[in-house]
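Could you build the full structure based on these sequences and the hints that come with them?
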Amino acid sequence: MMSDKEDSTELTDKELVALVQKDDIEAFEVLMDKYIGRAYQIALGILGSKSDAEEVAQDAFIRIHRALPNFRGDSEFSTWMYRIVVNQSRNRYRWNKRRGSQSTFSIDAQNEDRDRPTFEIVDKSMSPDKEMVLDELESEIIRKMNDLPDTNKEALILRNIKELSYDQIADILECKVGTVKSRIARAREELRKNMGL
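If you read the sequence shown in my numbering, its first letter stands for residue 17, the second for the next number, and so on.
Hints are supplied without guarantee of correctness; some may be wrong.
Claimed, not checked - Calculated cross-link-like contacts (lysine-lysine; reagent style DSS-like; alpha-carbon spacing at most 27 Å):
(1) K192 with K178
(2) K66 with K178
(3) K169 with K66
(4) K197 with K169
To be verified - Simulated DEER-style distance windows between Cβ atoms:
(5) E179 with H81: 23 to 29 Å
(6) R202 with N112: 21 to 27 Å
(7) C191 with H81: 25 to 31 Å
(8) E156 with G89: 40 to 46 Å
(9) E42 with K160: 39 to 45 Å
(10) K209 with R106: 20 to 26 Å
(11) R114 with A34: 36 to 42 Å
Calculated from the structure, these hints are not laboratory results. Just so you know, even glycine gets a beta-carbon here, dropped at the ideal spot from N, CA and C.
Here it is, written out as structure tokens:
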């Protein structure tokens, strides 16, 4: 168990995972607090629905908690966690599609630190008029992103919103780095075309 003296913020993911594997609930709570916002953002980007994203993030962490005792550390914890979230999101997306559910994308979603919006297009020193124009542009980009093929959209979200490296994205999506780069390039090109740029 983590002692009162230990500052959980100083522990690495690897150390936290080792503690969780020794049945330390507090260590799991630290991991969850650190990553639940990121999991939610990924799910929201793929699903476009706040309620679905919340459920997927929670379900993913239940799955992570159950699987963590068997986690071997072949990849970073964050990469493994992102892969689970992406897979859970894909499953929910397919399930929604079979049911005929339509999702809407929210631009009000905040990331885990709640201080930075999902997209930071707006400069804080801008006039309200310019902010409104950029907010409208941001909304349009999000709507157009929802029209992208899922594999391309996932890669673009992981790169541009979560700011992951190509290697991390390749691990999460279980494909080659070249495939990730081409998916992102295709997504950007299609997004530009759809935006009339």
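For each hint, the structure was consulted:
1. K192 with K178: Holds, at roughly 19 Å.
2. K66 with K178: Holds, at roughly 17 Å.
3. K169 with K66: Cα-Cα ~17 Å, so holds.
4. K197 with K169: Satisfied, since the Cα-Cα distance of roughly 12 Å is no more than 27 Å.
5. E179 with H81: 23 to 29 Å: holds, 26 Å
6. R202 with N112: 21 to 27 Å: Since the Cβ atoms of R202 and N112 sit about 24 Å apart, the hinted range of 21 to 27 Å holds.
7. C191 with H81: 25 to 31 Å: holds, 27 Å
8. E156 with G89: 40 to 46 Å: holds, 42 Å
9. E42 with K160: 39 to 45 Å: holds, 43 Å
10. K209 with R106: 20 to 26 Å: holds, 25 Å
11. R114 with A34: 36 to 42 Å: For A34 against R114, whose Cβ atoms are near 40 Å apart, the range 36 to 42 Å holds.
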